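There are 4 protein chains.
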Amino acid sequence: MSKYDDLKKRCYEANMQLPELQLIVYTFGNVSVVDRAQNVFAIKPSGVPYAQLSPTDIVIVDFENQIIEGSLRPSSDTKTHAYLYKSWQGIESICHTHSTFAVAWSQAQRDIPILGTTHADHLITDVPCTEPMKDEDIKGDYEHMTGKQIVEYFERHDLSPTETEMILIANHGPFTWGASHEKAVYNSKILEELAHMAYLTEQINPEAKRLKDSLIQKHYERKHGKDAYYGQ
Amino acid sequence: MSKYDDLKKRCYEANMQLPELQLIVYTFGNVSVVDRAQNVFAIKPSGVPYAQLSPTDIVIVDFENQIIEGSLRPSSDTKTHAYLYKSWQGIESICHTHSTFAVAWSQAQRDIPILGTTHADHLITDVPCTEPMKDEDIKGDYEHMTGKQIVEYFERHDLSPTETEMILIANHGPFTWGASHEKAVYNSKILEELAHMAYLTEQINPEAKRLKDSLIQKHYERKHGKDAYYGQ
Amino acid sequence: MSKYDDLKKRCYEANMQLPELQLIVYTFGNVSVVDRAQNVFAIKPSGVPYAQLSPTDIVIVDFENQIIEGSLRPSSDTKTHAYLYKSWQGIESICHTHSTFAVAWSQAQRDIPILGTTHADHLITDVPCTEPMKDEDIKGDYEHMTGKQIVEYFERHDLSPTETEMILIANHGPFTWGASHEKAVYNSKILEELAHMAYLTEQINPEAKRLKDSLIQKHYERKHGKDAYYGQ
Amino acid sequence: MSKYDDLKKRCYEANMQLPELQLIVYTFGNVSVVDRAQNVFAIKPSGVPYAQLSPTDIVIVDFENQIIEGSLRPSSDTKTHAYLYKSWQGIESICHTHSTFAVAWSQAQRDIPILGTTHADHLITDVPCTEPMKDEDIKGDYEHMTGKQIVEYFERHDLSPTETEMILIANHGPFTWGASHEKAVYNSKILEELAHMAYLTEQINPEAKRLKDSLIQKHYERKHGKDAYYGQ
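Residue numbers (the UniProt record's numbering), protein chains in the order written: chain S, 1 to 232; chain C, 1 to 232; chain R, 1 to 232; chain B, 1 to 232.
The hints are simulated quantities; they were obtained by calculation from the structure and are not laboratory data. Wrong hints could be hidden among the right ones.
Treat identical chains as interchangeable: a pair holds within one or across any two.
What the hints assert, rightly or not - With a cut-off of at most 25 Å between alpha-carbon atoms, the simulated SDA-like pairs for lysine to any residue come out as follows: (1) Lys139 - Ile124; (2) Lys3 - Phe154; (3) Lys223 - Arg73; (4) Lys134 - Asp57; (5) Lys189 - Phe28.
Every value quoted in this text rests on a predicted model; they were computed, and no experiment measured them.
Turn these sequences into a full structure, and let the hints steer you where they fit.
As structure tokens, this is what we get:
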């Protein structure tokens, strides 16, 4: 028994969603869930196959990347998660995958343009893609710098992490987050679908235009505005 | 017990087909079924996950968008369904999805050209795609205007809703319908397949030509003409 | 009991392979199996969903398209099958699908070029695609003329139906055949895979070259030549 | 009972992974596992369907391609496996498939460029693709020459088979290998995923650039370097 049992269980369940939603092959992904009261987060151990994962394998880490509980090494991306939790109070869970279409846009080093209402139902901006990281940052504390790069990108572009809940890391892949572990994982699945649709749209019409502003506002607000009427 | 139990059950079963046919992720779709004698239709509640949906959750709505029975909020697209039922007496069920290939053509703002007999087996026109909606219509009664836009498109282009049972809404996605809930859902699946095939055809041959008229007529008539010989 | 029970059973099993191999949606395909001694063939009834199909539904037809046994209407493509059985003594079963990639090449009106050894393991020619049918043939005895078109194409291009066991009908889709019902269905699956691979190859390298003759011969002969050493 | 029972069992299990990982249709692939102490390897029999395969069907062959144990004919690619085992002491298992995206790059006769960290997590070079084989080699001892071609390619390009554990044979398909049968099969799955991602990346951005060296080094070393911190 541990006071983190519930946190570990939620983290475990979120991670187990990744193979079920076909967002990963093998161990290419990780989900973390934060406990804001304790200033710690639970994260998948590194390189453990999903079929062998159990809730007790989940590692508890604090925002300075110290292991608080757990006998396994945490995900190699742990420092990126820590940096985001520390910087952004509004997020409760982070999900990282190497899902095929999202990775393809990351490798293409392109933002995913907002082309339709499926996109606008979830975010009112393009899905941002970072610039390639500088050599000195890569050679240094790489995963920490990845977190820093994300946060600085949001500041520089005046984006809000509670409105745009996803980013592509150039040449790497997507990070998504949300107010719950269900939402963080959901955003990874949605992103993959948006990445697939945008790719096809450009193939069908290379001149396809960005969604007009009025439609962006309309769809986002029917799901997220003060007079939202989507859902229960 | 309610006099709408059978209607709700058919609506429920039609909605449950969408994940099974891989036409949706999460809650991105809805099917309605009309009762012409009662002037009401049954529709999926908004944002309820399919795994949790039960026949009693289905909402009964009239053509003025008033809830007649049900404790949940109906689909956010309800007014579009109502407008179509009111305008077109010949249709009994409507299906809306965000299926990947159909959405891509919608975002590309292109009609899906009739390129082969798989298409002609089902409709003798291109799959139409509307123009982007005007800003004032988007800001106003958006879902109502979407219905109006569909009906006016059919009138302007001299299309018959009992012959062409599908349309793409620019930047949004497909609506399909039919003389039964099985047919409405079937049309969504067929549309997705036609959208996939047409996309591939243009990739393989950018100069691919529209199907010749004689073949359009032949295939449509062997399934739907007065001397039809397809099926039992 | 009927003397055709075994023939019907094999035909039923071959047809049931189509949804299992993901070669069709709904009822978009049919397999027939011939009995050379009786000069009849068994074929799927038209438009019957696979989930409801049983061996007793299979229809027995002769080469003049007369129903010999069965209460259901045979596939609308029956006359095409009959024409091929009558013209080509060496084939025992025919399979027709609307599989996605094979249809895309048909709609593109292009032969599938032989680009690799996966292709050469099965046939030493491109997968041929017919010319669009003449208007008078479409308006006339269409399915009969489709069979005639296939046979004449093979004669005109000096192709052997026991070596090249597949063809694409322009704007329609594939027919495959073979010395057994297993082989006819197998060829439809292989064709779909070849169509997918060839499509991708041209996307990756628009200048991709046809396989060199020495490699075509080598791979075909290790599977089919007199010194074949593939298989048991 | 045979002293090769354990070797056969591992070979059987590795082969059974191929359909499960969706790397093959029908019998289009084979995995072998070597016993370095005995100078033999176990390999799949040729053309036996996976559903009928059992551990006792696995054939034991020595490096001169002599059958040591087994009543079935070994894979037609056996001589390629033998050549690689003989030339490269560091490898323990070899996997050959006709997986769709890897074959497409093979048919396109292109190396798969290293475009992202998913690739760099596994190898620091492009995935090499051989030149088309010379006619005299094809006509001669073809499968032996395929092995020779691979080994000579690695020598000529100064590649290490324990670092770059995969190659594409022009117009044919992939061979992968590794220090265990799990790793050899794993590499085939990874290769297919890399081939898919690289294809999409070039479609999304035809000017997509090769991954910068600092990022290649970083990702490879966090998994494989002396201070690796990926995995347990």
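Taking the hints in turn, this is what the structure says about them:
no.: 1; hint: Lys139 - Ile124; verdict: between (35 Å within a copy, 16 Å between copies)
no.: 2; hint: Lys3 - Phe154; verdict: neither (34 Å within a copy, 54 Å between copies)
no.: 3; hint: Lys223 - Arg73; verdict: between (39 Å within a copy, 13 Å between copies)
no.: 4; hint: Lys134 - Asp57; verdict: neither (34 Å within a copy, 54 Å between copies)
no.: 5; hint: Lys189 - Phe28; verdict: both (15 Å within a copy, 13 Å between copies)
Checked against the numbered hints given earlier, this structure breaks hints 2 and 4; the rest are met.
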